[in-house]
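**Q** Quick note, the sequences are listed as chains A and B, same order.
In case it helps, the working numbering puts the first sequence at residues 1 to 414.
In case it helps, the working numbering puts the second sequence at residues 1001 to 1301.
Honestly, the hints are just simulated from the structure, not real lab data.
Hints may contain errors.
[As the list claims (entries may be wrong)] The list that follows gives simulated cross-link-like pairs (lysine-lysine, PhoX-like), each with its CA atoms no further than 20 Å apart:
#, chain 1, residue 1, chain 2, residue 2
1, A, K209, B, K1262
2, A, K319, A, K141
3, A, K10, B, K1262
4, B, K1094, A, K405
5, B, K1262, A, K237
6, B, K1094, A, K138
[Stated by the list, open to error] Taking beta-carbon pairs under 7 Å as the criterion, some of the chain A residues facing chain B (in silico):
#, residue
7, L22
8, A25
9, L217
10, T238
11, K352
12, L359
13, L362
14, F364
15, K400
Remember, predicted model here, so these are calculated numbers, not experimental data.
For glycine and all other residues, C-beta sits at the position ideal for the given N, C-alpha and C.
One-letter residues, chain by chain:
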Amino acid sequence: MNYIIKFLNKLNNLTVAIIILLAIALASALGTVIEQNKNTDFYLKNYPLTKPLFNFVTSDLILKFGLDHVYTSWWFIFLIILLLLSLTLCTITRQLPALKLARLWQFYTNFNTKAKFQIRFKTNSSSLTKLTYYLEEKNYKIKHFNHFVYAYKGIFGRVSPIIVHFSLVIVLIGSMLSTTQGRTQEAFIVVNQEKPVLDTYEAYVNDFKIAYNSQGLIDQFYSDLILETRQASKIQKTIYVNEPLNYSNITIYQTDWNIDNLVICIDNQNYYSIPLQFIELPNGSESKYWINRLDLFGQSVFCVVNDLTGIVYLYNQNKDLICISSLGEFITLNGHTITFNKLVASTGLQFKLDSFIPLVYLGFLLLMISTLLSYISYSQVWLVKNGSTTYIFGSTNRAKFAFIKQLTEIANQC
Amino acid sequence: MFNVQFDIFNFSNNITFLTLLISLISYWLGLIFKKIKNVFYIGYGSTILACITITIILGTRWIESGYFPLSNLYESLMFLTWGLLFSAIYLEYKTNLYLIGAIVSPISLFIVSFSTLSLPQDMQKAAPLVPALKSNWLMMHVSVMMLSYSTLIIGSLLAILYLVLIKAQQKKHSLKDFAFANLEFTFPKSTNSTNFNLLETLDNLSYRTIGFGFPLLTIGIIAGAVWANEAWGTYWSWDPKETWALITWLVFAAYLHARITKSWTGERPAYLAALGFVVVWICYLGVNFLGKGLHSYGWLN
C-alpha cells in the first residue's frame, strides 16, 4: 500500500506527465517505422542480427518487446494506463482544489508582497470609477471591496483544462471498452441470398450497384440492404461508402465488392454458372480482374471481367484477345452460339456491434469544446487606492502580451 | 468558359508568385537596413495580395469541380500557404511585429514555387473524388487539419526564432547589434510603459499561436476519427497518418504543459516546439511518401 502511494506521488508531477506524453509519441512513431503485424519470418529476414536498423533494432529486439505489434503490446498499454492515472491524479489533486473561489480570486491584503504580478502601474487619477468603467467595457467582472476593486475575466480558461482531462479519460476508457467488448465481422453477401451475421441478425442484399463518373472511374458503391432481427423487424436502406446503416447497436458499412459467377448460355439451351477467380496484380494496380478458364468444344478460352458494366473479354490460350462481348450479345465459337447472360456480384460489408460508441463520442464532443475554451486567458486585476494615487496590479495565465497591452492602454486613458 | 477560367487561374498563379517575392524582398530589406521602415508596408501589402490571389485560385477550383478544393497535393499545399499567410496577416496586424512576415514570406514562396513548378502538371489538375472521400466530412476534417498545421507551423517557427535569438544573445552578441533590434516592441510612450522585449514577445506569441493551433488539431483529428467511423466502421486504426497526427498532438500537448511547469521556463519548452515543427512536416508530407495507409489519396499514383 505504501509503495502504491509512493508510486502515485511520483506520478503526480508535471515533468513525469510530459515524459509520459513524449514516451507514447516515441512508441507510436516506432510503430510507423517498423512494419506491423507481419509474420516472424518477415522480421527475421528484414531485420537481421548482423545489420541492425539505427544500430540497435534487430529481429530479436522486435520479437522480444512486441515491436511487431507496438499498439497492442503490454508496455504500450502500460504507458496508456500511466497516462490515465496521471490525468486522473492531476485533476483530483491539483485542478479541482484550485477551483475553489478563495484560490481563484486572490484577495491580497498586502500588495507589497512579492506575488508575481505581471503589471504594477501607478496612476494619478484619484477615482476608481473611471478605471472600473474601462475594465467593465473590456468585459471584466467587477467586485467592489472596502479598500480595493477586484476584476476578472476568462474564468472558462481556468475551468476548461479540467474538462479536457475528464473527456480524455472518457475517450480512453470508452475506446478500451470498445476494443474489448465490441465485435466486428466482414462478410461478402451474394445479391439475393440471405446470410446470418453477428448474433441474431440476418442480412439480405436486394441489389448491388457501382456508379461510374463521366471519366469511367468508380464514383460510388451502392448496396440495397435489408436487415432482419429476431423480432422479425426489417430495416431497409441503400448504403454506400460514408453512409452506413445504423440500427440499435449494429452498424453496417460498405467496404468491398466481388464478382462471383458468370452465367453463360450455350446454343440457347444450356445455362452454366461459372465461378470467377479474383486476380491480384503484383504491381498494386487499381484495376481489378476476375478470370476463369472455359473448355468449350475442345478449345480453351479465358473469360476476363473487370467490372460490373457487363463487358466480357475472351482470350485464347496464347493470350490473344478473341473478342469483346457484352451481356446478352450472341457470339459464335466453333460453330456454337454463346451468350453471357449475367454477372453475379456480391457486396463486401462490415458488421459492427459496439455499445460504447456514444460514450466515446461524448468524450470527443467535450474534448473539442474544452480544448477550444482552454485557449481563453484567465486575467485578474486589482485596483488599490492610496491617497491621491491608484495602483493597478494585474496577472494573467496565458495571453501575457495582449493583457499588458490592454492594461497599458487603460492606464494611459486615465 | 473553360478558357476564361484557365486564364484567371494562370494569372492568379503568377501574381501570387510575384507578390510573395516582393514581400520576401521588402521584409528582409527592412530587417537588414534599419533605416528604411516603409518597406514593411510594401511587404505587408503584398502578403495580403498573395493571400487574395490564392483565395481566387482555390475559389475557381471549387466552382469548377464542385467540391472543396482539397483533393490532391497541389490544392492541399496551396491551402496550407493560404493558412500561413492568413495567420501571418492577422498576427502582424495584432502585434505590429514585422518579423512574422519576414519568416512566413520565404516559407510561403518556397511552398508555392514547389507546388506550381515542381509538381507534374497532371498532379495539379483537380481529380474526381474516390468514393471514400465523398463526404461532407472531407471539408470539415481536411480544412481544419490544414489550418491547424499552418497555425502550428507559424507558432513553432516563432519558437525556433526565439531559440536562435537567445543563442545569439548568449554568445555575447547583444541584441542591439542584431539586425532585428529595431523591431523591439515598445508600448505607447507614457509613464506606464512596460518594457516587453522582443524575446518575451516572441516567446508569448509562439505560445499563444500554438495554443490556438492545438485545439484546431484536436478538432481535426476528432473529425477524422468520426468520419472514419462513419465510412469504414472504426475511429482509430493506427494508420501512419493518424499515428503521426497523434504524435504531433502529443508533442504539442507536452509543450503546452511544459509552459506551465515552473522548472521548465524559457528555452526548454521552445525546444519542444521546434521538435513539433519537424513532426508537423513529417505528419503532413513525410507520411505520404511512404505511400501506405488510408490517406494515400491524390498523391503519387
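**Q** If a hint holds in the structure, say so; if it doesn't, say that too.
**A** Verification of the supplied hints:
1. A:K209 - B:K1262: The given pair, whose Cα atoms are some 62 Å apart, is violated under the 20 Å limit.
2. A:K319 - A:K141: violated, 83 Å
3. A:K10 - B:K1262: holds, 17 Å
4. B:K1094 - A:K405: holds, 11 Å
5. B:K1262 - A:K237: violated, 57 Å
6. B:K1094 - A:K138: holds, 17 Å
7. L22: At about 5 Å, which falls below the 7 Å cut-off, the nearest Cβ of chain B leaves the hint on L22 of chain A intact, so it holds.
8. A25: holds, 4 Å
9. L217: holds, 6 Å
10. T238: violated, 14 Å
11. K352: holds, 5 Å
12. L359: violated, 12 Å
13. L362: violated, 12 Å
14. F364: holds, 5 Å
15. K400: At about 5 Å, which falls below the 7 Å cut-off, the nearest Cβ of chain B leaves the hint on K400 of chain A intact, so it holds.
Hints 1, 2, 5, 10, 12, 13 from the list above are not met by this structure, while the remaining hints are.
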